[in-house]
Each structure stands twice: as structure tokens, then as C-alpha cells.
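Asker: Mind docking chains D and A on chain C? Use the hints.
Chains as they are written, first to last, in my numbering: chain C, 1 to 286; chain D, 287 to 727; chain A, 728 to 1077.
None of these hints come from the bench; they were simulated from the model.
Don't take every hint at face value.
[Stated by the list, open to error] Below, a list of computed lysine-lysine pairs in the DSS-like style, where the Cα atoms sit at most 25 Å apart:
| # | chain 1 | residue 1 | chain 2 | residue 2 |
| --- | --- | --- | --- | --- |
| 1 | D | K686 | A | K955 |
| 2 | A | K1014 | D | K687 |
| 3 | C | K97 | C | K55 |
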Amino acid sequence: MIKSLRQITHSCSLRPLILSIAMSTALNAEPLYWDRVQQAQPDSEALQKSEKLVKEHKTLEIIKRTRIRPFHEQPKYDKPSKNAFCMSCHLPLPHTKNLRARTFLNMHTHYITCETCHFRPEDVNLDYRWFNYHERQLQSASSELFQVIEHHMLLPDANSKTMQSKPGKQIQATKKRDPNIKIAPFFNQQPVMLFKDSTQADSLLQQWQDDDLQQRTEVRAKIHAPLESKGPKCVACHDSDKQMLHLQQLGATQDQVKAITMHRIPLFFSRYKEKDQKIRIIDVLR
Amino acid sequence: MKIFRTRPGDDIISLALLLCALLFCLPSTVTAEPRKPDPDGCLTCHSLPGLHWIDEDGMWRVASIDKSHYFSSLHGSVPCRDCHRKITDYPHKVENGYVDCSESCHVEEPSEGEAYTHKPIVDEFEESTHGKGWHKDFAGGNRFKELDESKLPSCRRCHDNALYISENKTTLFKESFAHTETECGTCHVGEVWLTQMGGHILRRFLGNRMNKNDSNELCLDCHNTPEYLKDIELEDSETGEKHKPDTRWLHAAESYQRMLHSRLLVVGVEDGASCVDCHAPQGLHHKILRDEDEQASTHPDNLPDTCSASGCHGYAKIDENKDFVLTDMHDTDLLAMTLFSKEEFNNFTKSVWAILSALTVPIIIVLAIGSLIWAFTGKNRGLIMAILGGEHFQVYMAGKKPSAKKRAKSTTARTPSRKSDSKPIRKNTTDSAETKESDND
Amino acid sequence: MRVLNNLKAVPAMQKYRYFLITLSCIAFLGPLAFLPQLVGNDDLCGVLCMRRFYLYFPGMSWDDLLMHITVAWIGVIAFAVILITTFFFGRVWCGYLCPVGGLAELGSRMLNDRWKIEFRSLPQVQIRYGYFAAYMVLMPALGISACTLCNFITVPRLIEAMSGEYRGIVYILSTVGLVNLGLLFLLGFFASKGRAYCQFLCPIGAADGLVNKLGSRFRWARRIRVEKERCTGCNICARNCMCGAIKMVNRVPVVSQTSCMSCHECVDVCAWNAIEWTTGPRDKKPKKIKKGVEIFPEPAWQLLSEEEMLGNPLNGAAVARIRVGRLVNGLIFSSVIAYIAYYSILKLAG
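For reference, chain C alone in the conformation it holds in the complex (with noise of 0.2 Å):
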């Protein structure tokens, strides 16, 4: 049935509806997180506080390229993919308060869709798989898709007359690595998240565009109630004890899950302990 019915929206113009539709036909419910937003009756501070952030608001031009040119040359890298929902209204790059996390932190937008870190309702048990934005559908594991492009460093080897280089560390790719797979949250072997040209997300926008205070001070509440601004602390997937997520279902290699549970920097963050604190480089790295 869901076989025949994609096979419809494959050659549909109207495949945004119709998937809709088989989503919620097919597998019989809705979103989890569309239920959430429904059911949210945001208080009178987080309405408060949703009005502030709605009159605060201003929209920002990016600006990728100046008359002055970076002065270090920069990695190419893939544009991240601007597919989920939440992207209808926050930048391609969404932390940019936080200065300490903020690059890392967006960095990881390219691997986990937002709602696998900001929502994590505590009364149901979620499991996290990748899947596809694109072809909104579920993407086999495979350790291909932890892979990084990784510009590894050549340690030139003073006793030989051989030029010689040593690997990185890093696994490499050989392919481009899609940025529309990443890892979402799963509820009952179905995306919790909202799809940007769904008709419920439709709905929701049509709300904001009226351009109505009140109305948008509300649509924001709902839709940002069931999330939670802070996502969980770096160890909680970069270490070996408490996985959030199951490397090994997801496809990471041995390798790979080693490289990712005995990072560098989540040790180095996790010495953190208040907000602006700020730490002497040499004493973490040596």
C-alpha cells in the first residue's frame, strides 16, 4: 500500500499533498509533534515571552560573499540543507547566540534534524534513524553517512629523503556526503517532525502571514511549546556510557563510533561549567 501509494507521488506534481495524505492515511496518525503543537495551551509567560521574541524580530539579509575576501582559505563544504520545518522561519544556520557552541553546534545541523535535539517529550520513548528530507523517507543505515570530508593533515617526515604523509585520523570520504540524510526522531515507525510543505505546516504559516500580533505571539507559543530551547549536553552523545543515540543501529563503524564517543572536544566542553566561562586553550590540549 505505502509501496504503491509513493509510487504514485513520485510522479505527482501534487506529491507534497499526497504524501501528506499517505502519512497520515497510511499509517494512520498524525505527527507526534503535530499532536503536541495541538494539544499545547501555552501560560500566560510563554505567551509573554513569545511576544517579546515576535516584536523583537527582524529578518537578516546573509551575506555570503564581501569586497574582502576571508583571509584563510576555507574548506568547501556542502550548503546545509534548509528542508525542515523549522527553516520555514529560523536561519540555514540556527545557533548564533551561543558564542561558545554556536559553529559546532551548526555544524551538527548537518547530521541531526532539529527536533532530534529540541524535542524530547519525557512520557514516550523515540527512536532515531535517518532518514531523507529529500525523498521524504527512511535512508538505510550505513557508515557512509557519518562520513566527514576531511582535508587530512600531511606530517612531512624530517629523516627520510621520501616525501611521505601519515593518513588522518578521520575517516574519509569518497563521496558526497547528502545533506538532506540526517537523523530524526521516530514515534511508532513514523517522523515526529512536520514537513515544511505539509498541509499542517501550511496552516500554521497561513497564521503567521496574516500579520496579526496577537495571532502570531499564539502561533509561536504553540509551536515552540513542545520544544525545548536547550538540546541535550554534547555527552550525551559523545560518550561511551549514556548513548542518546545508537550509533551502531545507525551504521557507524567501530571506528567511527570510537572516533565520535572519544572526541576531543566534548571533553574539552564538557570542563564547562558556567555560562561565560572561559578556558585556557593550552591546559585542555596539551
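Answerer: Then chains D and A, alone, in the frame of chain C:
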């Protein structure tokens, strides 16, 4: 050992890296450890790809640095903290990362053992007409601020951290390097030569400094975009008054590109002249001054020396050529007239060339209209003469004797009308031919 | 129909010549210009410049000359090839291949002859070499860029403009571009036979004309030669000569070898085979003298000069005029040579 490759050029980069890393070590220390390329461990994080964020200005910022590029770059042996001096903590304070290019770094200049610095260039640059812009406190985040504050170029606006051996020279470099051990190595024995000095010398040997086209590219990046330049206020060197740039200045790059100086360079003939060749031929090539400045290489008094420099126009120094050096190298007559402002256009139309073209256009119009009418109504019979000078041709070249009639007319009647005159000529010429022919028979 | 008939009436040799000119226009001028592009150029400027190297700057040393040559060595070689072919065969480049003069000529030939300016009867040698001297010696020293009036760069630019290319349009909108466009029209399309620029202003033509004149001293050089015994004096050759090289003197065509481009048109239109593009006769002595009559087995094919034809001093005015012309030529050349010699000696002395 198994060599891993991610990019085809990596082995070359490794070669360059080897040379860079060991480049500045003292020649006496044969067994010295190779310099640690990243002693402070900055690249532990900064070499990770994908460290992007969008800052308050909306600028897409990238904290990732291409590690292998960096190690193969001009600054590949300079540890990060030699430039970003004050960074000790994480998260960094933005000001702590500010770079001042005139500071010295811990790399030593091999012949004298002094700490290396760009200070001489910065000093020279500050004297130039460009020099009042930014020259320190560089950081990725204040690029916008700099652009807002000043249109004058700073170090970073022209220069980035280029590869030690540029990509188009890597093959050549590799080929040349393959020979060094057998050829140069006869005298220059030992590891030190091979690993430390060889590449450095070879790089110079290959001419890896900027060639004329490369340096032009830097100048043209700004000077070839009049939209960017048009709001700049130029300062009069004498009165200090500020004024808007004129068309000649705004479109200097365009007029330059029409002259042989540029055209030769474009097709790869290095005998052409780059911007710097004329505007900053001396010293470290950063002291570019306005033409009016007496110190400027392009000041009329200094032009003979400038033009005759580096084997270009040797004769420019001779007194009789004093006008030659004034040949307009940024000739506005070569610019499209639409580029001129209204006031300028009035001055411009007074030029000899403009008057000349104004004179020729009416004549052409008359001829063209006449030609068109004739094409439909004229009879294509007998001898057709040109409207201007046709008669003279008949007499002077075709050998028609000025007829008795005409001679008589010229004495009796004044100016005969062209119409009545053309008929007998036609007749006469055919007549004369016929008579001659019959004579021959 | 009339056009077709006119086209059919064109002599075969001239059709061939027009065809060659068209081909060379396609090869050298925009938007195709594939020949210059073989050396990475899109027009005849830069490394293909044929003329800048012989500009004289006071006090110029051999090194400077060498520099001028190395900068545009391809153009210098091309220029040498043109001169060498001219020496043996007449000005073949100018008449058959030059896209710049050829384009003007073809344009002019498409317009009717009535509304044109007749430049051919002007004193060519004086104007041409006077301008040539100024171009070579005076303009460089005065700082007038020789490139501004160079037809080898302006005409391709104008063609570029017509094909809609940006650089050409910018050029055509500039004053230098407009002046050159005016020249192309006045000395090209609206000049009788369309070769006025070649005859008066083209420095390559001027140098080429000198070589043509020099080569004509040799019997084996192919030139337009005249057999005056056959000539009827009908002056059709003079009227058709696009260069104004033929002047009827005493009813016989005299071909000026500095102006003639060996375009062969006079040969094509002559009904009496009195003019021919050929080498000189092998034997100048008569083969046989019979009853006081000298018999020559082959036509005389002479290169006549004006003085020779005027012969008798009856036409005194004509002689005087010619001598004035010669005087002007002499003055120009001696002053240029004196100028060059003076500064060269000054350079040697200093």
C-alpha cells in the same frame, strides 16, 4: 607506506608543506626537529569542516580553515598565534584575535637571523595614497566594518593567504625539484639543502612572486568597478579640498585596458606594463601616489625615469622626447562618451577629435542621402563621375584635355553650372577614345 | 536583375580577388577573427602589431628597436613577409588580402559612383609620404599615440561593434572611434573605388609602396607593365584603377609603382592587351632589323615614367608641376633622414 589521497594535488601539497615547514630552520641544525606546524593546537578545532555561523550583521562566517591549504600556504610555517597574538582562551575574545601585519613573527629570516616582519611594506604603504585606510586590527568579523568605514584598500583587501607554490606552477615545481638532488646536489650536499633551502630557492627560481597580470588583478579588482569607486572623495594634494573623482580617474582601468601596455600582458607578453610598473616601480611596490604628487613616479617630472626604467622606453630620458612621456596612458578619448557626466561632456566635446568627428558626420550624411536617391532615380548610363573631384580626375589622371569650350568659358563666363558642364566632358572623352582607335586602325 | 547583370560583368580575375578579400575579412575581422586568435589575440593589435616597431623616437638605441620587435614579433614577421612578396610580385597583400582596405573597397563598390569623393587625382606620393614621415617620426615624439588612427585596430573594432560586441560598441561611441568611423566612410565607402585610406594614410601601404618601387627596377619582378604600341589611349585603365596609380600622359597610361597594388583590374578591362601584370621582356635589343625597321619578337612591357612620356618640353607646365612634387618628396625624405641621423649621432656622442 600507504599514501592516502583525497585530492589529486595532495602529494604536491605535501611536498610544498615539507619545504614550508622546514624552510626557516637554521642551516646549521641538521638534525633539528621539524617545526611543529600547529604548536598551540588551534587546528584541533579550526580544521574541522562545517564550523559556520551567521553573525549579527548577517554575514555568513566560517571558522573552519583548510588545513592542508594552510600548511602549503605562504604562512604555512607561521604558527597561528604569531599573528593572532593574544588568543589564549576559549571562547576567544574577538579583539584578542586581531592581526597587525606590521608585527614581527617568530619566523627568522635565514640570512640575518632576524625576526621576519612585513613592517617595511606597511610603512611604505602608509605613505601611499592608499595608506590612510586600515592596516591593523584585522579579523574576519570586522570586514563589514572596514568596508563601511573606508574604501581605501587594506592589506587583506588585496592579499590573502595564497599557496606557497601556486597551483599552476606545481607541475613545474615538481619537475624542477626532481632534478635538484642530482644537479644542485653535487655541491649542495646534505639534508639541509634538500629539505630546507632547496624549495625556497626553487620557488624564487620559478618566479613564483606575482607576475604582472597577477598584480594587475589586485588593482583592477577595485579600479575596474566604477560603481564602487564613484562615491570616493579624492583629496587635492595642493589645496586639500575634497572632490568627486572625474571620469578619467573613475575609468582609468578601462582606458588602460585599451592601450598596448595592457593588451600585451593580456596575451601573455610580459613586455607590457602593469599598473605597478608605472605607478610604483621603486621599492616594495606599495608607494602609489597621485600624479600631482611630486614624489609620484607618474608626476610629469619623474615620467622620463619611470618610462625608461627596466628596459622599456630607454629613449624617454632624452630631452627631445619630453613630449613622448606625456602620451596619455589613460586617454579619455578612448572611453565611451556615455560615461561622461554632463559638465564633463561639454569639455569633452571641445577636444580636437570631437570637432573632427562633428565635421565628418554631416558630409557623410549628405553623401549617404545623395547616394540613396541616386540608387533609385539615377541613370546608369555612360560615364558617371564622382560629385567631388570627378572633373579634376578626368583632366589630371584620365588625360582628357581641358576642352576648348571650357577654356573659353573660363575666360568669358564665370562658374559654369555643373549640370551643363558634365555633358560635353562625357562626349569628349568617348570621342577622343574613338578617334584614337580609328587612328590606330 | 540589374545587380545580377552588373555582377556578371565583373571580370573573372576581379571576382576571384573579391572572394579572397571576403575570406580574409572573415579570417581577420570580428566576430570570427580566427586567424589572430591562433596566437591568442582577437584582433590585429598587441603581438600582431605590424607597425609600431619602426616608429622612430629620438635617441632610440638598437636595444629599444629590438625591444619593439620582440614585443610584437609575430607582426614584424608578417610585415616582413608582406614586403618580400611585394618585392617579387607587387603589392599582393594590399590588393588581394588586406581585410581593412579590402572591406572599404568592397563597401565602396556596392555604392553608386555618383555620390562619392574622387581622391585619386590628389598628389598621392607627397601626401602619403608626408604623413608617413609625420607618423613615423613626429607623432611619437609629440606623444600622440600612433594607435589612435591605426586602421588595423580601428576597422576590426568597428566591425566588432556592428556584430554587437561590447568592446566594439564602447569604441564606436568614443570620439576616437567616431573619427575613425568617419575616416572609414569618407576615405573608404564614399571614396571613389574605396582605397583612399590605403593611398594616403596607411603606413604599411606606404612602406609597401617603397618596396614595390624598388623591386620594379628588376626585370624579373612582376609588375603592371605597359606595351605602349598597343595602347589606343582609351583611358579605361586609368578610370578603373582603384589606386589612382595610372595616369594618362600623352594618351599612354603611366603606372606609378609607388601606388599600384597589382590588382589586375586594368589588365582585365583593357580591350587591346596593352597592359599586363608580368615580368619585363627578356631582350631589350631588337631581334632583327629589316629595312630599317626594328623587329621585336615579344611585347615591350615597359615601366613608363612621366618624364619619359612627356619627352618634349612643349608641355612645360606639366613638367614644372612634377618637379615641384619631386622637390616635396626630396625635402620630406632628407629632413626625416637628417632628423634621424642627428639624434642618432647625438646619442652616439652622448
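Asker: Determine for every hint whether it applies to the structure shown.
Answerer: Against the structure, the hints come out as follows:
1. Straight-line distance between C-alpha atoms of K686(D) and K955(A) comes to about 18 Å, which keeps the hinted pair within the 25 Å bound.
2. For the proposed pair K1014(A) and K687(D), the alpha carbon gap of about 37 Å is over 25 Å, so the pair is violated.
3. In summary, the hint linking K97(C) to K55(C) is supported, as the alpha carbons are separated by about 18 Å, within the 25 Å threshold.
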